[in-house]
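Using the sequences plus the hints, can you model the full thing?
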Amino acid sequence: MGDLLKFSIPGKPEYLKIAKLAVGSAAGTANFDIEAIEDIEIAVGEACKNISCHGFDGFSNFYEVECQIEEDKITITVTDNRCGHEIEKYKKPCLDCPNEGNLGIYIIKSLMNEVEIIRKDSGNSIRMVKHKC
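According to our numbering, the residues represented by the sequence shown are 111 to 243, in order.
It should be emphasised that the hints constitute simulated quantities derived from the structure, not laboratory data.
Hints may be right or wrong, so weigh each one.
What the hints assert, rightly or not - Computed cross-link-like contacts, EDC-like style, restricted to lysine to aspartate or glutamate with a CA-CA straight-line distance of at most 16 angstroms: (1) K130 / E151; (2) K183 / E148; (3) K240 / E124; (4) K183 / E224.
To be verified - Derived Cβ-Cβ restraints for the label pairs, each shown as a range: (5) E224 / E148: 14 to 24 angstroms; (6) I144 / N171: 33 to 43 angstroms; (7) V239 / N191: 16 to 26 angstroms; (8) D231 / E181: 32 to 42 angstroms; (9) P123 / E181: 28 to 38 angstroms; (10) K219 / K242: 15 to 25 angstroms; (11) D182 / S220: 19 to 29 angstroms; (12) S135 / D182: 14 to 24 angstroms.
We treat Cβ as the ideally placed atom computed from N, Cα and C, and that holds for glycine.
Right under this line is the structure:
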């Protein structure tokens, strides 16, 4: 099995860049090419925005990012275990929510090879996989 990077990050939008840079750096260390790293960073940013924004409730206090690096792929899971909320943002109930609505999910699906949205009563996750070319 490969290396595992796992960290918690505050749910406020100003911390989102930290998650993107950490996972992008891990992908670079794993010898992904620059285009794949950019795709991964964009997808991580969109996943973090969708997971951390709770609509009427505001942002999560913090969420977790897990990055599993294997020889031929990277698997990133962004999870908010604190409470259940809808990932889809069909309406814009609060000014802090991502402007893109569900566009963020479509962006993730277009950039990553595999995307799984996991909904549980205890929270939500977005699991993404990018294979090396």
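Violated hints - listed by number, lowest first
3
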